[in-house]
Amino acid sequence: MELTLWTYEGPPHVGAMRIAASMEGVHYVLHAPQGDTYADLLFTMIERRGKRPPVTYTTFQARDLGGDTAELVKRHVREAVERFQPEALLVGESCTAELIQDQPGALAQGMDLPIPVVSLELPAYSKKENWGASETFYQVLRGLLRSQAPEQASHDPTAWQSQGRRPRVNLLGPSLLGFRCRDDVLEVQKLLTLHGIDVGVVAPLGAGVGDIRRLPQADLNVCLYPEVAESGCSWLERTFGMPFTRTVPIGVGATHDFLVELHGLLGMTPPAAEEGYRRSRLPWYSESVDSTYLTGKRVFIFGDGTHALAAARICSEELGFTVVGLGTYSREMARPVRAAARELGLEALISDDYLAVEAAMADASPELVLGTQMERHSAKRLGLPCAVISTPMHVQDVPARTSPQMGWEGANVIFDAWVHPLMMGLEEHLIGMFRHDFEFVDGHQSHLGQAGGTGMGSEQSEPAETRPGEADLIWTSDGEAELRKIPFFVRGKVRRNTEAYARDVGCREISSETLYDAKAHYKA
Amino acid sequence: MAGPTLLKESGPREVFCGLTSIVWLHRRMPDAFFLVVGSRTCAHLIQSAAGVMIFAEPRFGTAILNERDLAGLADAHEELDRVARELLQRRPEIKTLFLVGSCPSEVIKLDLARAAERLNEELQGRVRVVNYSGSGIETTFTQGEDGALAALVPLLPSSDQRQLLLVGTLADAVEDRLIHLFGRLGINAVRSLPPRQSTDLPGVGDGTTVLLTQPYLTETARLLKNRGAKILKAPFPLGAEGSRAWMAAAAEDFQVPPETVADVLTPLMERATKALAPHREVLAGKRIFLLPESQLELPLARFLQRECGMELVEVGTPYLNRDQMSEELDLLPVGTAVMEGQHVEQQLDRVRSSQPDLVVCGMGLANPLEAEGITTKWSIELVFSPIHGIDQAGDLAELFSRPLRRRRLIQPALHPTGAEHPIHS
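Just so you know, the sequences run in chain order A and B.
The numbering of the first sequence is this note's numbering, which starts it at 12 and goes up by one.
The numbering of the second sequence is this note's numbering, which starts it at -2 and goes up by one.
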């Protein structure tokens, strides 16, 4: 038993719903008690979908448990097929139905339905949402494509050259309730068009049963979100011999690497090295002098595996930040995240306890947090600027404008989204500096509310700074005065460093001199 | 027979389970913690229903069962004790711990009453532990509150004091206002269940008269009656008319002279009429369809029909207690279709074919209906908003008139009638 207050991922059947709702012509019969229908609102409210997810819940009640729940399943299957006329049916169960062991998938498969039935077994007491999405996508591929599988996989991803057509790839992984999937698909399509590569099928987002059956006609698969599509891509590779790309094109460097990998697999000449510089504004924006102040900004990163890895690379290699924390709640992605953290000299945080993440965040004393909605709340509490980079998300993370994360435009979006919270940090400081000017008397409101905006003002904005152990050190008034001249968003760090230095050298009184000594010590 | 036409249907439902009521119960009693014993689905449900992740460590959580717990029940009990202990250590300010049963805990027959007993012994009065079920296989949405309050009834001290007991969660401001008004009627001993502090439980006994503030508290009412309380029958305090009748029922029981009631409440009624007027203008003659969810549907329908002039297409309710609802049923027009239970697909077919002007429904259905051009009001807002009492009648009406006003405001610009017609001609 595990105490959970907020959870990063839903149960695995919500992952299955994401696949079903992403596709066309697919219906999902879910053996589940009443109440489990709450999951509809994730789609209709968070993503503002104007369509109900294609899910029929059996909504059994206590009084049904004494009777024939198997018959109840069959009735709902029959009604759903009749009413919605799907081309394929997914059948599965939620946590409670798993306990009563009706095996709805097997029941439906025994009903002689005129459409393919994919039975889903998603262990609700050990697995979570992303696993459920991945397993469902894999089962859909298997269920709809197994009959086409060749005895011996033979597939040549360069065959397009001899067939007198343009190369063709599938984009696999984008789904509803994924982070910016809708916009990533548009951007990657644009990127591929630029290189004369056609997109065959996008799945699961927007794919019908016929589209899934056409998957093997492409030259290779592009795995956009490993959390959802990697197991499906591996199966297509094993069964049909179709290779797939491993690089996720988020950030300028990764987009370049993705293009190199893709061109290599397709037997094409690699793209020009300066394409990213020409097509994206991130490189120049990052080089321009205005960005100098971004150097060494301490950033704490937490999210799903894909977006956390991408953020770590962009921060350290493209924006010149210092990554001071890196972690993920995706246990399936723990290995690559650990490796990336090691390269940055960090130990990865693999956890789905948001309080542990908040504690790690506070410990790392970052100047910027890149995380999920959970980290946004934690960061707010700690008075830190934050940008959301991953699910779980809120309605405001599904913007009306097109704002991809992938490709050249994605890099632009990322530059804006991650740098703006810091710009505001600087602005806060300037407001603080000028707050005694008469223009400011009408009470300039800080966007950080109570937590910020005091700039050089009172120490009340730093409740976190009153720590045990402080009692052994005394700040002289001249030391305090010097400290107050430091921008509020680094003041906490300077105070901590100075105190640590003072303890190290055995100094009990901290004056302005001690502060400068400490500064020299840490910069040395 | 005169009165509404009572119908029933069954099939797939689109309703919340009783766990959802934790979202408002935990705010009412800030010194209580609600520990759901369930699955990741339960945790995800409450977090999603809460809509926003509250900017703090919440006073509710889920002890998520895993495979090891399911393998042997003895283990699950020890594990639950451990989780409860850890939780109380971290949250020393908690005075009452509600162990809340869920679908999985009910199905594996995890005995939470025994767990509560055991923990009560161990904690020796430092924290009171009670249990109830909010499972979807037994409860719908607001029935969770009924379960939680029913679990508190045995803990109420016995008291023969003559008092009025308001039962059901009210917004604090509304409660204050109602107590003030009862005071002006001469009823000064007014207590509430749930109280604002979970330890400040009201007494109950022969002198207690109960007014239910919410229509879904069947079990709580039954248990209070067994403790000697008298349960008043009245329309529920939604809308000016219902609220007046509700207060008058208490006044009669406390032998307040009718003239006093008139003196105190008539000016309020006049003010409410004024407050309702602009909304009535929007709502009168409009047709409304209420899907089942909160069990507030009957009193709301009565208010919207009688005080706002709306026409009732269908009034759904997840569950109908005819006895407790008799006063409400009497006030509905002859022939009104009151549908108990749900077959969500067939009900949506009826929504589409009847083309109502406004549909009251859950959050899962609202946007899909809006996308079909049908204006909606989500029902969960009705359990979060202060809507009880004569003074709130205008605000209550506004919850329904706003979506209609909004559509009227933005429709012309967003849906031009034709390429040849400019929007501003």
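Because the hints were derived from the structure by calculation, they are not lab data.
Because the structure is a prediction, the values reported are computed rather than measured.
Note that CB positions come from ideal geometry on N, CA and C, so glycine has one too.
Don't take each hint at face value.
Claimed, not checked - From the structure, some residues in chain B lie toward chain A, with a derived Cβ separation under 10 Å:
no., residue
1, Glu6
2, Gly69
3, Leu84
4, Glu103
5, Asn117
6, Leu120
7, Gly122
8, Glu238
9, Ala242
10, Ala245
11, Pro254
12, Val258
13, Phe381
Could you check if Glu103 (chain B) really has its C-beta closer than 10 Å to a C-beta on chain A? Check passed: Cβ of Glu103 (chain B) comes within 7 Å of chain A, closer than 10 Å.
Hold the hint about Glu238 (chain B) up to the distance rule: shortest CB distance to chain A must be less than 10 Å. Violated: closest Cβ of chain A sits about 33 Å from Glu238 (chain B), beyond 10 Å.
Double-check Pro254 (chain B) for me: the hint is only fine if its C-beta lies closer than 10 Å to a C-beta in chain A. 48 Å, violated
Minimum Cβ distance from Ala242 (chain B) to chain A below 10 Å? 33 Å, violated
Under 10 Å, Cβ to Cβ, is where Glu6 (chain B) needs to be relative to chain A, so tell me if that hint holds or is violated. Given a least distance of 13 Å, the restraint on Glu6 (chain B) is violated.
The hint names Ala245 (chain B) as touching chain A; please verify it with the least Cβ-Cβ distance against 10 Å. At 37 Å from the nearest chain A Cβ, Ala245 (chain B) fails the 10 Å test, so the hint is violated.
Restraint check, 10 Å cut-off on beta carbons, for Gly122 (chain B) near chain A: Nearest chain A Cβ about 23 Å off; hint violated.
Does the interface hint hold: is Leu84 (chain B) within less than 10 Å of chain A, judged Cβ to Cβ? 6 Å, holds
When the nearest CB of chain A is found for Gly69 (chain B), is that gap smaller than 10 Å? 12 Å, violated
Evaluation of the interface hint that places Asn117 (chain B) against chain A, nearest CB under 10 Å: 19 Å, violated
Under 10 Å, Cβ to Cβ, is where Phe381 (chain B) needs to be relative to chain A, so tell me if that hint holds or is violated. 15 Å, violated
Hint validation: Val258 (chain B) versus chain A, beta carbon distance must be below 10 Å. Holds or violated? Violated, because the Cβ-Cβ distance from Val258 (chain B) to chain A comes to roughly 42 Å (cut-off 10 Å).
Consistency note: the structure conflicts with the earlier hints numbered 1, 2, 5, 6, 7, 8, 9, 10, 11, 12, 13.
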